[in-house]
Amino acid sequence: MTDAALTVTNVGKSYREYGSEWRRFGMWFGLRSSRIKEHWVLRNINFVVRRGEAVGIVGQNGAGKSTLLKIVTGTLGATEGGVTASGRIAAILELGMGFNPDLTGRQNVEHSAGLMGFSRSQIQMLLPEIEAFAEIGAYFDEPMRTYSSGMQMRVAFSLATAMRPDVLIVDEALSVGDAYFVHKCFKRIRQFREEGTTLLIVSHDKGAIQALCDRAVMLEKGQLIADASPQEVMDLYNALIAEKENGSIRQVSAADGQTATTSGTGEATVERIWLQDDQGRSLEYVGVGDPVDLVIRVRVNAPIEQLVIGYMIRDRLGQAMFGTNTSYAEQVIENANPGDEFELHARFAMNLGVGSYSVSVALSSTETHLVDNFEWRDLALIFTVANTQRAPFVGSTWVPPQVTIDCNGQNMSLESASDAQGGPRLVTGR
Amino acid sequence: MNEMLEAVWRYRHFIVSSIKNDLRSRFARSKLGALWMILQPLAQVAIYSLVLSRIMSAKLPGISNPYAYSIYLLAGMQGWSLFNEIVSRSLTVFVDNGRLLKKIVFPRVCLPLITVGSALVNNVMLFLVMIVVFAMLGHFPVIALLWMPVLMVITAAFSLGLGLLLGVLNVFVRDIAQFMMVVLQLWFWLTPVVYMASIVPPSLHSLMQLNPMYWIIDGYQQTLVYGHGLDAMNFVPVVIASLVLLVISLFLFRKAAPDMVDVL
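Here the protein sequences line up with chains D and S, keeping their order.
First residue of the first sequence: 1, per our numbering; consecutive thereafter.
First residue of the second sequence: 1, per our numbering; consecutive thereafter.
Do not take every clue at face value.
[Said to hold, decoys possible] List time: in silico DSSO-like cross-link candidates among lysine-lysine, alpha-carbon distance up to 30 Å:
(1) K20(S) to K31(S)
(2) K255(S) to K102(S)
(3) K37(D) to K255(S)
(4) K103(S) to K255(S)
(5) K187(D) to K102(S)
(6) K37(D) to K102(S)
(7) K102(S) to K20(S)
(8) K37(D) to K221(D)
(9) K103(S) to K184(D)
(10) K102(S) to K184(D)
(11) K103(S) to K221(D)
(12) K37(D) to K103(S)
(13) K103(S) to K187(D)
(14) K221(D) to K102(S)
(15) K20(S) to K103(S)
Hints are computed from structural coordinates only; laboratory data are not their basis.
As the structure is a computational prediction, the values presented were derived from the model and not from experiment.
Chain S on its own, in the form it takes in the complex:
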């Protein structure tokens, strides 16, 4: 464990420059460059708002802003996009970098860290844009600014734990990535991002609460939409789940690392 941390520390510049290059190569050769990273989720929010606002707006209690539903959507998307990006990129991170892993000696644990790093950078940019949009809509969730880093860390930890676990297995069984892409879509609709938890029949609530993403997205919505603080108790199971996932995935990663190059 110690040597892994040491290796990461030695390669810190490489990790930083990889994240930078990741951004840079998105800028390159496209007129709007990095804007696309933000435009895409925003467009999605705009589409959902357009299609669903009439049905949904009536059901958003405790908030008087006429754009309440858009704000609600943006808040949920902020959390979901981070989760989605980390999980889907971690899933294929080893396969995508197979050539590199086969030819060059470097601490392999750098790869998931780069994924998380660049996803976090993207997410922070999205957050900044969201704040601007909120301001334009006349919504100023000040308290959210304090909670946002906490939420991001928890989301990233959970996403990395899950993504790394599946990413390692995906090297050996490639169906996992394909399967997970479907699962992620389903998962999105099973989590109250687009709709409110209140429209779900009460009998299904306890089932819905088994979904860790329910609590994470709820955290985003509580802070960004309602300006509430976070209820720490809500997050205890999620944090525990994240830590367990991280430990399992790191253990698996260490066991699988020597085998990985053989099958890439």
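Chain D on its own, in the form it takes in the complex:
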């Protein structure tokens, strides 16, 4: 194991409840007390990350991800076990920590670089580089309070990655900022990796985990429950979430803290709504273009002459991506009786761009819910589309093209590349 960059050995973290602070003070002086309650948030965590490897850490909120990261970075002490790392660890956990709004970008960088343990000469050497990477122009010498949050994040990231660390810890922090800069950040992270930096990535974003990581570990209730390929771990993660949803009766608030709006007279109600793959496995993350089955289970509570089920997929801003109903589909239910249960299957290919989407459901008697509104439910389901298999693209829909290029009226092809003598030729690029 000479190439291990990071070894986490039997790490456990417990928070102690002392009941009285006097017992805590007693502990420092070697006094033991049986009345101290230990409360473990992490236990028996073992894994090894090799040099240059990228490992994702996934888990639900409260699973212990950030505690583990704090122990790895060293801000938090482990109660048992330990972490050994070779080389310098840098964390993009809380970008811009310790920035003073009254100081200029340059002064803040000088100061925070000192906090990161750089010597003065190193800082002077790195400053021009940091200034150039941040690309905020003359603002670099303006007080930080005049910065937008995006600009602050630019300076912070430039500083955090000014020198290639041996282990880089990337948190969700990266999701803020403008697309151009985020792209630039990822480019730098990838470059670090090629040069041998080990990555530790924490994210709820399946896309990021699968795109960047060689391996993923999953935490659940403070235990390491999986250490496998990103695909396997994300499947397990999906399964775990699905299980949780099955177990509970109904959740009022949506996963991201938004409250789902439900209205209607209640003659029919949505029992459950979920996305599943062709084998009937419940999905939270869907790959671009993957076939899915949107299932809406409706229970009838009172006699209904005519029932129309509609749904609409919205992006995270609430804009409609696609919506239809059983009236448009010419499959209207008539004479539904109390106790009847209907299951609508909408099978389609997920031709949407990368992002988070929600599904709204409407139960009505006609194609518009303005006449009878049995139930209208926003944010009934939230899912994420990730691009893991397809060629990279931007935008909110997936419209895959067939790309060909003609040169001087003649079709170019990759195969004929060797024939060309000094002229333009077609290569796969990177």
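Dock chain S against the given chain D, drawing on the hints supplied.
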């Protein structure tokens, strides 16, 4: 212990730049900037002089300057403000920097050092202003210039010992800072800064002498007001007390450091 010193040495630039930034951020966005650090204690002295000079001036023997009481006040304030600033800022230094401690790895002992450093810088500035005021009042305590660094070091050591000890405990029991703010006010009035020790009934003198700040403030007054040298014997107990406090607080700090982040 050695590694702590090493870490401090490695982070010396950070400590210096923190002190600098501390000053800088006070300059920023206020018209009078750093002047306020000096104006505040001076205003306090002016108020006390105005209110109390009539009662007090008669009782200041051995000094003929008509502004004797103001000079006396300034001397005492010079010492008290250093003590007060270090203790009150050390009390909350870990709590105030909780976010930083939780997120970034750096030698934690830097924080109290920054506090002491910036308090010392402020105090030196106050001292320079005081010298100017003294000169304007026709008072030139030359010998004091020699003793001032010694007094400052002793005051800082005592204040840091006490402040760090309580600052560490305050992370776990936040009432300590609140309680100490009251104690500091009371302490101020129990120490002869505004009044002279001579107005205290002799029966209470031995009690008053148990207060380490009595000896420290007396040192300031002896040098700055009367132009005397320091009597080393007076300071032996204070120096010992400071060292004991420093050792205890460092020991406590090392024991508590791993626990600290858990509760911040």
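Would you list, in rising numerical order, the hints stated earlier that this structure does not obey? Structure breaks no hint.
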